[in-house]
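*Asks:* Could you put the whole structure together from the sequences, leaning on the hints where they help?
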Amino acid sequence: MTSNYNNSVSVSAIDLIAQCRSVNYKAKKPGKSNNDELMRVKPSFSNRWVSMFDLGVDKIVHNRGAMPSVAILYSTESRWNDDNGLKHGDMIRIVTTGRNSRIVFIGFVTAIQPHFTGGSPQGQSYEGINYVISDIRWLMDRSIVISGQVGRTIDDFENYGQENQAAVDDAFSWFAGRRAVFNQDNLPNKDNELLRYGNFDIPIFGPSHRSGYWTIADIVKYLLSPLWLKNIDFVYIAGDPEQLPGFNAEDFNKIVYNVSLEGLSLNQALDYILRQVGYSYRWSYYPNGASSFVFYKMLEADKSSRSSIEHQVKHKLYAPDIGEDCYRAVERGKKMLWSAHLSKNIESTINLPLVYGSPAKYEFTAELIPAWKDADLVIPSSNPVMYEADLATSGNPEAYDYYKYYHSRGSLFKRDVGRLWCLNESGRYTGGDYNRGMPFDWTAVLGDDAVNILKRKNFGLWDRPLLPCLTKEKNSEDSVRYIVEFSFDGGSTWQKIPCGIRALKDQAGIYISEPNLAEIGDQSSAETSDSPWSGENLNLWTSLVVDKTAGGELATWKTKVRITACVQMDYRLYAYQLPTVKSGSPFNQFAIYDYSDKYYWKTRTTASVLANETLSLAADERKDYTEISSLAERLGQFGEDQSFSGDFMLDRLWLNNSAGYAEFEIGDVITDINGREHSLATNVANRSVYPEIVQIVHLAQMNKTRLITRDLRFSEVRPE
Amino acid sequence: MATSLTNVFGDEISVVAQPHEWQKQYSGFAGAHGLTCINMGSRGYKITVKGRLRGNIRSSYDSARSSCQSLIDSVSVILSQSAADYSYKGKTYYDIEWEAIQLIGDSSGNYYHWNLQGQVYVDFVATGRSLR
Chain S
1 MTSNYNNSVS VSAIDLIAQC RSVNYKAKKP GKSNNDELMR VKPSFSNRWV
51 SMFDLGVDKI VHNRGAMPSV AILYSTESRW NDDNGLKHGD MIRIVTTGRN
101 SRIVFIGFVT AIQPHFTGGS PQGQSYEGIN YVISDIRWLM DRSIVISGQV
151 GRTIDDFENY GQENQAAVDD AFSWFAGRRA VFNQDNLPNK DNELLRYGNF
201 DIPIFGPSHR SGYWTIADIV KYLLSPLWLK NIDFVYIAGD PEQLPGFNAE
251 DFNKIVYNVS LEGLSLNQAL DYILRQVGYS YRWSYYPNGA SSFVFYKMLE
301 ADKSSRSSIE HQVKHKLYAP DIGEDCYRAV ERGKKMLWSA HLSKNIESTI
351 NLPLVYGSPA KYEFTAELIP AWKDADLVIP SSNPVMYEAD LATSGNPEAY
401 DYYKYYHSRG SLFKRDVGRL WCLNESGRYT GGDYNRGMPF DWTAVLGDDA
451 VNILKRKNFG LWDRPLLPCL TKEKNSEDSV RYIVEFSFDG GSTWQKIPCG
501 IRALKDQAGI YISEPNLAEI GDQSSAETSD SPWSGENLNL WTSLVVDKTA
551 GGELATWKTK VRITACVQMD YRLYAYQLPT VKSGSPFNQF AIYDYSDKYY
601 WKTRTTASVL ANETLSLAAD ERKDYTEISS LAERLGQFGE DQSFSGDFML
651 DRLWLNNSAG YAEFEIGDVI TDINGREHSL ATNVANRSVY PEIVQIVHLA
701 QMNKTRLITR DLRFSEVRPE
Chain F
1 MATSLTNVFG DEISVVAQPH EWQKQYSGFA GAHGLTCINM GSRGYKITVK
51 GRLRGNIRSS YDSARSSCQS LIDSVSVILS QSAADYSYKG KTYYDIEWEA
101 IQLIGDSSGN YYHWNLQGQV YVDFVATGRS LR
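For the record, the sequence lines run as chains S and F.
Take 1 as the starting number for the first sequence in this note's numbering and just add one per residue.
Take 1 as the starting number for the second sequence in this note's numbering and just add one per residue.
Think of the hints as simulated: they come from the structure by calculation, not from any bench.
There's no promise every hint is true.
Stated by the list, open to error - Calculated lysine-lysine pairs in the DSSO-like style (CA-CA distance at most 30 Å, straight line):
id, chain 1, residue 1, chain 2, residue 2
1, F, 24, F, 46
2, F, 50, S, 59
3, S, 316, S, 472
4, S, 602, S, 505
5, S, 254, S, 316
6, S, 344, S, 373
7, S, 316, F, 24
8, F, 24, S, 334
9, S, 457, S, 623
*Replies:* As structure tokens, this is what we get:
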């Protein structure tokens with residue numbers, strides 16, 4: 001029963017009593033049942049709550065999010081080695097006594113702590129037993145680990161592949177070899193068809209071609225479904241998660257990419273996923289005796305009184321003014337502040353956030369230069385070209401210079417001649433023995449992105465390994481990878497010729513690994529028409545020989561190779577926010593936030609042959625500048641003021657209000673300390689925010705309540 | 001069933017039971033006047049028994065004193081017993097937990113007195129607390 005201060009400065013202490021439902025269980029024998037049965041030992045509990053008059057309540061600690069709340073009980077009559085019947089796993093609830101009895105805590109005995117000391121003439125001896133009671137989040141931590149993927153096999157469908165294909169209710173499989181990664185590699189993997197399991201419609205995993213993207217709401221419904229909660233269904237079933245207090249369909253309707261919950265406990269997974277949208281959760285107890293999860297958005301407390309729909313409230317505490325008679329405030333029912341420790345500091349202020357997105361990537365098409373020295377290509381005086389058919393009938397291929405120097409099996413094989421084609425992006429082949437012209441100018445590919453605001457080039461002379469194209473295959477999310485084309489007419493026409501090619505790892509270029517360059521032939525079976533021979537088959541080797549014989553500049557060569565690929569440049573998507581006048585620090589205090597796996601800058605340029613609209617090939621393009629700018633702005637607004645944390649001790653226990661709801665809950669905020677008229681507001685995103693309660697400790701023996709608050713920085717809000 | 005205090009301490013006793021005690025928790029506030037108070041509940045009451053223990057009549061001081069000491073030791077046993085009910089002059093005192101028995105000396109600092117009858121006697125005060 002809650003006491004109040006009306007018309008009196010003297011009140012009765014709140015009495016708390018512990019009640020117990022004993023746990024009963026037997027270990028199941030391993031048998032021929034499925035793995036699910038082998039893993040689970042299902043306890044049961046006695047039907048009635050039995051009051052434990054020999055147990056005293058020391059303290060109750062309410063925690064936020066994934067951290068379980070705990071209560072400490074102590075035995076009032078037992079010796080340290082007594083067995084008073086309480087055992088591990090027993091369910092304990094703590095209630096207030098009196099006519100309007102309320103539940104203030106429910107949990108399980110997780111630790112039994114006998115203790116004693118012999119004392120001395122100066123100090124008394126004592127002995128006793130403490131009991132640590134942890135709430136259901138502890139059980140969720142220990143009994144449920146998120147792992148693998150729940151999905152379907154072909155057997156879980158009716159009429160698979162036919163027009164009337166339908167998923168079967170209650171039919172699913174758990175795939176331990178797959179990882180619990182949602183929207184892996186930024187691809188959708190939530191089956192478009194929900195799993196009907198009992199009375200629940202549950203999102204599960206599916207192949208990308210019949211999947212959509214997971215949202216926060218989907219993941220919460222997956223986590224709090226019977227698929228996982230069946231491990232503790234002897235004490236808790238969430239019901240429909242959308243009906244849980246604080247479930248916000250609008251805020252939770254946010255897609256998250258590449259989120260791995262593999263190996264996390266259910267509690268940890270829930271905490272992590274909710275923080276992506278600035279939410280947390282707690283376990284609350286209601287006037288009707290029920291208890292459940294309550295989701296709340298951090299720092300969003302708006303009202304001053306709690307109800308079934310108002311889950312976060314604002315509080316004003318009272319510290320009497322100098323010389324004030326405290327009884328007046330007590331008579332008005334103020335929440336009297338007995339002690340407090342506050343900290344306002346700028347150490348963790350960040351008023352200049354710099355948010356990094358991914359480095360810029362561009363898909364393009366460009367001609368490659370021959371990355372060998374001209375002097376290394378010596379036309380054999382006899383048999384200047386030999387085909388595989390010729391070599392097969394030759395008794396000694398090594399006798400021929402063509403084979404010896406230019407075939408991959410030759411003893412003096414010149415590995416680069418005719419085979420190494422590069423972009424020369426770093427100038428490696430400019431001047432000197434190679435003399436292949438100036439370094440590749442990215443201006444033609446990058447357009448306006450080629451120069452910065454100072455009109456200087458945006459790229460350095462760095463080696464850039466080629467990356468797979470952004471262009472996707474038809475009906476697939478796979479990249480088309482690299483497109484290599486050959487021209488034997490100086491670039492008038494281009495053709496793809498199947499042959500062995502690999503991309504280089506240390507620079508933008510390719511290596512033709514085909515054993516015999518003469519087998520890379522023109523697809524129209526054309527013939528050479530120029531010196532040193534005409535009428536010979538037109539292929540890569542003969543075309544190079546023609547160019548060598550002609551002796552002209554590289555630009556006049558008829559043999560050309562071009563590549564369509566993607567390359568990463570030297571600048572990245574980024575955004576920052578400068579300090580405003582509301583900043584709590586006079587200094588520029590900056591931090592780098594690396595979101596390179598979330599915000600991208602990927603462009604298929606018009607320089608790519610795959611950009612041709614008639615090809616109708618989609619590309620994995622992103623330019624998330626608006627999103628990253630918005631994030632930087634919000635990070636600046638959230639972090640620029642001083643941080644404010646506090647530890648408040650009230651002069652008595654504050655358990656439940658007159659309506660039966662808890663007076664203080666995790667997620668509530670403290671706005672002011674009246675009496676001394678001290679505001680706890682700080683500026684965030686152009687509005688006032690207040691320290692949020694992250695822990696509540698009810699010190700039953702001292703009859704005091706302690707509130708621990710932290711500001712935004714400790715609340716780990718992700719303001720996305 | 002209550003035990004008579006005269007059976008424990010003998011006939012030469014007087015018994016005083018104090019009113020109930022209450023535990024109050026006071027809180028003050030920095031810079032402000034006054035206190036708040038929380039009534040933590042009653043904490044039982046104290047009972048005091050004063051009296052005289054006489055040993056048996058003996059022919060020597062040593063023997064008489066030994067007899068008196070034996071009586072003191074037997075009375076002291078109640079200190080190790082758990083709370084029980086006691087009665088005196090028609091009043092029952094419930095759940096009394098005995099805390100201490102103290103011998104009282106005279107103005108000369110003597111505790112054991114030898115009278116002409118050959119008895120050694122001591123004065124004592126026993127304090128206890130009701131748990132109710």
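*Asks:* It remains to establish, for every hint, whether it holds in the given structure.
*Replies:* Each hint, compared with the structure:
Our distance criterion of 30 Å between C-alpha atoms is met by residue 24 of chain F and residue 46 of chain F, whose separation comes to about 17 Å. Straight-line distance between C-alpha atoms of residue 50 of chain F and residue 59 of chain S comes to about 42 Å, which puts the hinted pair past the 30 Å bound. For the suggested pair residue 316 of chain S and residue 472 of chain S, the alpha carbons sit about 58 Å apart, so the restraint of at most 30 Å is broken. Proposed proximity of residue 602 of chain S and residue 505 of chain S is supported: the alpha carbons are some 21 Å apart, at most 30 Å.
Between residue 254 of chain S and residue 316 of chain S the CA atoms are separated by roughly 34 Å; this puts the pair beyond 30 Å, and the hint is violated. Proximity of residue 344 of chain S to residue 373 of chain S is assessed by CA-CA distance (about 69 Å); at most 30 Å being required, the pair is judged violated. Among the hinted pairs, residue 316 of chain S with residue 24 of chain F is consistent with the structure: their alpha-carbon atoms are about 27 Å apart, no more than 30 Å. Our distance criterion of 30 Å between C-alpha atoms is met by residue 24 of chain F and residue 334 of chain S, whose separation comes to about 20 Å.
For the given pair, residue 457 of chain S sits about 21 Å from residue 623 of chain S by alpha-carbon distance, which is consistent with the 30 Å threshold.
In summary, the numbered hints that this structure violates are 2, 3, 5 and 6.
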